Structures are given as C-alpha cells and as structure tokens.
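A.B. asks: The listed protein sequences correspond, in order, to chains A and B. Residue numbers for the first sequence follow full-length UniProt numbering, so the first one is 1 and each next one is one higher. Residue numbers for the second sequence follow full-length UniProt numbering, so the first one is 1 and each next one is one higher.
Hints may be right or wrong, so weigh each one.
Which copy? The list can't say, so a pair holds if one copy fits it or any two copies do.
[Unchecked claim] With a Cα cut of at most 27 Å, we get these calculated DSSO-like pairs of lysine-lysine:
id: 1; residue 1: LYS317; residue 2: LYS245
id: 2; residue 1: LYS245; residue 2: LYS149
id: 3; residue 1: LYS35; residue 2: LYS299
id: 4; residue 1: LYS67; residue 2: LYS32
id: 5; residue 1: LYS245; residue 2: LYS220
id: 6; residue 1: LYS211; residue 2: LYS245
id: 7; residue 1: LYS328; residue 2: LYS306
id: 8; residue 1: LYS226; residue 2: LYS301
id: 9; residue 1: LYS328; residue 2: LYS35
id: 10; residue 1: LYS317; residue 2: LYS71
id: 11; residue 1: LYS301; residue 2: LYS89
id: 12; residue 1: LYS309; residue 2: LYS226
id: 13; residue 1: LYS220; residue 2: LYS116
id: 14; residue 1: LYS299; residue 2: LYS77
id: 15; residue 1: LYS301; residue 2: LYS71
id: 16; residue 1: LYS67; residue 2: LYS116
id: 17; residue 1: LYS160; residue 2: LYS317
id: 18; residue 1: LYS160; residue 2: LYS245
id: 19; residue 1: LYS149; residue 2: LYS226
FYI, nobody ran anything at the bench for these hints, they're computed from the structure. Just so you know, these numbers come straight off a predicted model, no measurement behind them.
Number of protein chains: 2
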Amino acid sequence: MCLSAFVAKTQSLKKIKLCDFVPSWQNQPKMKEIKLFCPATIANLSCGFDVLGLCLDNAGDEMIVRKVDQKGVRITKIVGADLPLETEKNVSGVAALAMLETLDELDFGFEIEIYKNIKAGSGIGSSAASSAGAVFGINELLGRPYSRKDLVQFAMQGEKLASGNAHADNVAPALLGAFTLVRSYSPLDIIRIDSPEELYATVVHPQIELKTSDARSVLKQNVSLKSAIMQWGNVGGLVAGLYTKDYELIGRSLHDEIVEPVRSVLIPGFDQIKQTAYENGALGSGISGSGPSIFALSKGKETAEKIAKAMSDVYEKMNLPYEIHVSKINPDGVRII
Amino acid sequence: MCLSAFVAKTQSLKKIKLCDFVPSWQNQPKMKEIKLFCPATIANLSCGFDVLGLCLDNAGDEMIVRKVDQKGVRITKIVGADLPLETEKNVSGVAALAMLETLDELDFGFEIEIYKNIKAGSGIGSSAASSAGAVFGINELLGRPYSRKDLVQFAMQGEKLASGNAHADNVAPALLGAFTLVRSYSPLDIIRIDSPEELYATVVHPQIELKTSDARSVLKQNVSLKSAIMQWGNVGGLVAGLYTKDYELIGRSLHDEIVEPVRSVLIPGFDQIKQTAYENGALGSGISGSGPSIFALSKGKETAEKIAKAMSDVYEKMNLPYEIHVSKINPDGVRII
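Please put together the full structure from these sequences, using the hints given.
C.D. replies: Dropping the structure here:
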C-alpha cells in the first residue's frame with residue numbers, strides 16, 4: 001500500500017518521504033560503497049531517431065558511489081577525462097541532485113568517483129553513462145526506493161546539462177539494458193525490449209570532434225511525409241524484428257531516410273565504413289547517437305569481429321585514429337561490479 | 001526444390017509455369033466453386049498512417065469464385081453495389097488478371113459473383129475486400145500455388161484501379177488477418193502481427209461521401225521533424241503493445257500527430273465520436289482508412305458494444321444516417337464459408 005502510493009507520487013516528481021516506507025539500506029547498514037559498470041549506449045539506431053537505443057556490454061565507465069556522513073553530493077575524483085568536479089556542473093552531480101530533491105532531506109550524503117573510459121563527444125553516451133551510474137548507485141545505497149525505470153527521469157537531467165536537451169534515448173538503455181523505445185516524453189513512456197541473444201554490435205569511433213550542436217544544426221526542421229512514412233514503417237519493422245528475433249527483419253529495418261543522409265557527411269569515411277560493414281555480413285549500420293561513432297549490428301560475435309577488422313582497415317588506410325568496440329547487447333544496463 | 005524456386009521467381013512477378021510443380025487442384029478435381037467471406041479492414045490506425053492495418057471479423061462481403069471451361073475472368077454478378085461488371089474495370093477482375101498473368105496460360109477460366117455489404121467509400125476497405133477475395137479464391141481453386149502473403153502484390157493492383165495508388169494497407173490485413181505492417185513497398189515487405197485475443201473494434205460509418213482524393217488532398221507534403229518523431233515513437237509503441245498484449249500501451253500509442261488533425265475536419269461529428277469513445281472505455285480512436293468511418297479499439301466485447309451505443313447516440317442526435325460494426329479482430333483474413 002505505502003509503496004504503491006509512493007511510486008505513484010514519484011511520477012510527478014513530488015517530494016516524498018523516505019520514512020513513508022522502510023528503505024532497505026536501513027536493513028543493510030554495512031553497504032556504504034558500491035562500484036559500478038556504467039555502460040556505453042547507442043542511440044537513434046537508424047530509423048529510430050530520438051526514440052530507440054541499445055545498451056553495450058563491454059564498453060563503459062566505472063564509478064564508485066559512497067555513502068558518507070557529510071550531507072549533499074560531491075564528485076571527489078574523475079580519472080580519464082577533463083570534466084568539472086563541481087556537483088552542479090557535472091552530469092552525475094546534477095542527476096543525483098535531481099533524484100535527491102524528490103526525497104526528504106537525508107542526514108547523510110554521497111561521494112562519487114568517476115573512471116571514464118567513454119570519451120566525451122564520441123556518440124556512445126558518455127554523459128548518459130555517468131548520469132545513469134550516479135542515480136543507480138545512490139538508489140542502491142538507499143535500498144532501491146526507485147525502480148530502474150523511475151530513475152530515467154533523474155538521469156535525463158544530467159543529459160540536459162550536457163546537451164541542453166533532457167533526452168532519454170541514451171540514459172534509458174543505460175539504466176534498463178537491452179533495447180529501449182522512448183514512446184513519449186509527455187508523459188515519459190519508456191518501453192524496454194529484449195534483445196535477440198545472438199545480436200552483437202560493432203562500434204567504431206573516429207577520433208574527430210563532432211559537437212552535438214553541429215550534428216543537430218544540419219537537421220532540417222521539416223521532412224517530407226513520404227520519407228516520414230518510410231521511417232515509421234521501418235521503426236515498426238525493427239520493433240517487430242526484435243520481438244520475433246528475426247535478424248533479417250532487424251537488418252532490413254535498419255534504414256534511415258531522414259537524418260543519416262544529412263548528418264553522415266560530417267563523419268569522415270562514413271560511406272566506406274558502412275559499405276564494408278555490409279560486405280562483411282552486417283545486418284545494418286548507421287550513425288551512433290549524433291556521431292561521429294558508427295555502429296553495425298550483426299548476428300554472432302564472429303561476424304561482429306570480422307566487421308571490426310574491416311572497419312579498422314578503412315581508418316588505418318585513412319590514417320585516422322579510431323577506437324573500436326565489439327559487444328553483445330547488454331541485457332541489464334548499469335550493474336554492480 | 002521446385003517450389004522454392006517458384007516462390008523466389010514470384011517475387012519479381014515473372015511469368016512462371018504451373019507445370020513446374022504439381023498444382024493440387026489437379027488432385028482436387030471436384031472443387032470447382034468456393035464461397036468466400038471477404039473481410040472489411042481498418043487501415044492507418046492513427047499513428048500507423050499508410051503502414052498499419054487490421055482485419056475485421058464480422059463486417060465484409062461475400063464472393064463466389066467458380067472454375068469454368070471458358071478461359072479468362074468474368075464478373076458475372078454484383079449484388080448490393082453499382083459497380084462495373086467489365087473485368088478490366090472491376091477491382092476483382094484486375095487483381096485476378098494480375099495474378100493469372102504470372103502463370104502460364106490456363107485452359108480454363110473463372111467466374112466471380114460479388115455480394116457487397118461494405119459500401120464503397122466507407123473507409124473500411126471495400127475495394128480491398130473484393131481484390132483480396134478474387135485472388136484468394138482463384139488461388140484456392142488452383143491448389144494454392146501462392147502463399148497468402150504472395151497474393152498481396154496481385155490484390156494491390158485492384159487497389160491501384162480503385163484509388164490510383166497500389167497501396168497494401170487494406171489488402172494485406174484482408175489476406176493475412178490480424179494486424180499487418182507494410183514495412184516497405186520497394187521491395188514489398190509485409191509483417192503480420194497477431195492480435196491480443198480480447199481486442200475488439202467498433203467502427204461507425206457516417207453515410208456521407210468522402211472521396212479518397214479529397215481526403216488525400218488535405219494532407220501536407222511536409223511535416224515537422226518533431227511531429228514525425230512523435231509519430232514513429234507511437235508506431236514503435238503500438239507494435240510493442242501488440243507483441244506484449246499490453247492493451248494500455250496499445251491505447252497510449254493510438255495517437256496521430258500528423259494526418260488526423262487535418263483530415264478529421266472533413267468528418268462530421270468526429271471530435272464528439274472520438275470523445276464519447278474514450279468516455280466509454282476505448283483504448284484509442286481515430287479515422288478508419290481515409291474516412292469517413294471512425295474506429296475505436298477496446299478490450300472486450302462489452303466495452304466495444306457500449307462504445308457502439310454511445311457512437312450511435314451521437315449520430316442519432318445529429319440526425320445523420322450511419323452504420324455501425326462491432327467486431328473482434330479477425331485472425332485469419334479472407335476465408336471459405
């Protein structure tokens with residue numbers, strides 16, 4: 001009774017009292033620190049611009065979240081990236097504060113250490129990994145007052161700090177794992193979709209800077225109805241392919257009528273990378289997030305690795321530095337390690 | 001071996017030889033006539049403009065298809081509608097001819113009798129029912145050289161005659177039953193999606209004439225990217241809701257950002273009908289096809305009937321003649337009766 005009332009209240013981000021239920025951290029007084037894997041994510045997924053995303057399994061950051069006597073949230077260490085330590089200027093801090101604001105004031109606080117592996121601006125959800133990690137970690141230390149889905153709304157505030165836009169298409173898969181569909185923002189409605197087991201992602205990150213603002217500025221405000229219809233036919237096909245585990249249908253649906261044609265010109269070697277992905281057995285390939293990373297999905301690890309080799313060859317020949325990841329789809333999202 | 005080669009060939013509408021395999025009509029010499037139920041269908045389904053459709057179970061035409069000695073296809077009787085008997089001017093005839101053109105010349109022919117219950121221009125797939133029925137019936141009498149999915153391409157030629165546009169969003173559900181998604185036209189890629197068992201449709205047809213050409217002329221050629229994104233989020237949600245049998249999600253997704261706002265003004269009482277549908281428990285409501293029929297989906301027959309009563313009251317008060325149907329979703333499509 002009390003818990004369901006609580007959950008209902010959180011939908012509107014109202015301030016709620018932790019004492020309205022028994023937080024399980026009171027039952028676990030020894031758990032004062034957790035170490036997390038905060039996964040990278042691929043948003044957009046060709047036809048699914050702004051609505052679809054998936055979670056990677058072996059590309060991501062690490063984070064330590066610690067319960068401390070001092071009230072508030074502090075970022076005490078960032079390794080691997082030049083990011084602000086001030087709580088209000090750090091995506092983790094902002095997401096954590098957004099979450100804590102919905103609870104009665106606690107008589108303790110949290111420290112966060114961030115070990116970045118995902119490069120900022122890579123297009124595989126660097127800020128989302130940190131935002132998701134912070135709220136997930138604090139939620140665990142508090143005894144899970146919120147569900148993973150509830151946490152999305154708080155992590156989105158970190159995204160707002162990072163890009164000016166409180167989008168959910170990276171934080172949702174980072175928190176929920178597998179594939180996610182952001183059906184609606186008003187009200188927020190997120191659907192998690194299991195991944196077929198043999199689906200693998202290959203992601204190559206050419207080491208150029210591509211600002212999200214630049215990647216957005218090339219988008220046209222209007223699209224032809226004809227293209228839009230083709231796009232939503234493919235979104236329907238992709239979702240159907242995921243539910244029926246029809247790899248070929250997933251592949252046929254991974255097509256972007258609208259964004260990729262204008263945005264891909266900002267990414268060096270895009271056409272060659274995509275072509276080589278298909279030549280080496282990819283089901284589909286497209287821009288990861290707003291780029292510059294490029295993803296390919298394939299059936300089976302072997303094919304994904306073959307694609308990685310072929311993509312690497314393209315950038316080797318262009319003498320362009322790059323990073324490459326091969327990963328199965330992560331069914332769980334952020335996790336304790 | 002021979003059959004799979006045959007199926008591959010039909011993809012490109014090439015002329016094939018019936019003698020390449022053993023048509024089972026040779027094994028069933030006594031089946032010379034069949035009587036069919038040719039179901040009405042709802043296309044578009046709010047967010048799924050031009051791609052989604054569903055099949056009704058108790059609204060539809062009847063048709064008799066007869067194998068006769070005289071070669072060719074003749075429409076010998078049409079009851080219930082003033083439609084042309086000439087084969088080349090009748091959607092059934094055109095669809096049948098499109099199918100027979102892909103086969104070697106037969107030394108016999110077919111007669112078709114059509115008993116129309118679905119009014120032309122009602123927006124519930126009148127022409128599609130006839131096109132689908134003709135190709136289905138001939139295919140049965142030939143021993144099923146084609147799958148139901150294969151038949152869609154032929155029935156589409158009937159739609160082309162009716163509206164100038166070889167669309168598949170009515171003929172696909174008429175042939176396959178349940179829900180269908182036309183992911184792509186080039187190449188034609190149709191996905192059938194089972195309906196949750198308790199899903200019912202209520203469809204009201206205000207007896208006004210609304211030409212498809214008029215309904216299309218109000219559409220804008222361009223749409224805002226923002227609206228398009230909301231639309232494909234909903235298409236994804238609707239498909240997900242069908243696979244997971246999540247009635248609430250189906251309801252939340254039945255929303256049309258793009259077409260309904262401009263097209264609904266052509267339909268008298270649209271806002272009232274939709275409002276009363278929701279007030280009486282509909283999961284969602286929108287324009288059926290290009291109108292003027294209006295559909296509502298609901299969980300359970302009782303709710304669907306309550307909605308029918310409420311919709312009827314609206315048009316009674318407006319003194320507008322109407323027809324109303326309450327139907328479960330037809331899982332099979334056109335069938336022998």
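A.B. asks: With reference to the structure, classify each hint as holding or not holding.
C.D. replies: Against the structure, the hints come out as follows:
In this assembly of identical chains, LYS317 and LYS245 lie within 27 Å of each other by CA distance neither inside one copy nor across copies; the values are 36 Å within and 50 Å between. In this assembly of identical chains, LYS245 and LYS149 lie within 27 Å of each other by CA distance both inside one copy and across copies; the values are 24 Å within and 20 Å between. For a Cα distance limit of 27 Å, the shortest separation of LYS35 from LYS299 qualifies neither inside one copy, at 32 Å, nor across copies, at 46 Å. Proximity of LYS67 to LYS32 under the C-alpha cut-off of 27 Å is restricted to the intra-copy arrangement: shortest distance 5 Å within a copy versus 81 Å between copies.
For the homomeric pair LYS245 and LYS220, neither the shortest alpha-carbon distance inside one copy (34 Å) nor that between copies (36 Å) is at most 27 Å. For a Cα distance limit of 27 Å, the shortest separation of LYS211 from LYS245 qualifies neither inside one copy, at 35 Å, nor across copies, at 41 Å. Taking the shortest alpha-carbon separations for LYS328 and LYS306, only the intra-copy value of 14 Å comes in at or below 27 Å, while the best inter-copy value is 49 Å. Within a single copy, LYS226 and LYS301 get their C-alpha atoms no closer than 36 Å, and across copies no closer than 36 Å, so neither meets the 27 Å cut-off.
For a Cα distance limit of 27 Å, the shortest separation of LYS328 from LYS35 inside one copy, 22 Å, qualifies, whereas the shortest one across copies, 52 Å, does not. Taking the closest pair of Cα atoms, LYS317 and LYS71 never come within 27 Å of each other, the shortest separation being 53 Å inside a single copy and 65 Å across copies. Taking the closest pair of Cα atoms, LYS301 and LYS89 never come within 27 Å of each other, the shortest separation being 39 Å inside a single copy and 55 Å across copies. In this assembly of identical chains, LYS309 and LYS226 lie within 27 Å of each other by CA distance neither inside one copy nor across copies; the values are 37 Å within and 37 Å between.
In this assembly of identical chains, LYS220 and LYS116 lie within 27 Å of each other by CA distance neither inside one copy nor across copies; the values are 33 Å within and 47 Å between. When the C-alpha separation of LYS299 and LYS77 is checked against a cutoff of 27 Å, the pair qualifies neither within a copy, at 39 Å, nor between copies, at 53 Å. For the identical chains of this complex, LYS301 and LYS71 are neighbours neither inside a copy (46 Å) nor across copies (56 Å), given an alpha-carbon limit of 27 Å. Taking CA atoms no more than 27 Å apart as the test, LYS67 paired with LYS116 passes inside one copy only; the shortest distance there is 21 Å, against 73 Å between copies.
With identical chains, the CA atoms of LYS160 and LYS317 are never at most 27 Å apart, being 38 Å at best within one copy and 51 Å at best between copies. Taking CA atoms no more than 27 Å apart as the test, LYS160 paired with LYS245 passes in neither setting, with 34 Å inside one copy and 34 Å between copies. Taking identical chains as interchangeable, the C-alpha atoms of LYS149 and LYS226 lie at most 27 Å apart only when they sit on different chains, with a minimum of 24 Å there against 34 Å within one chain.
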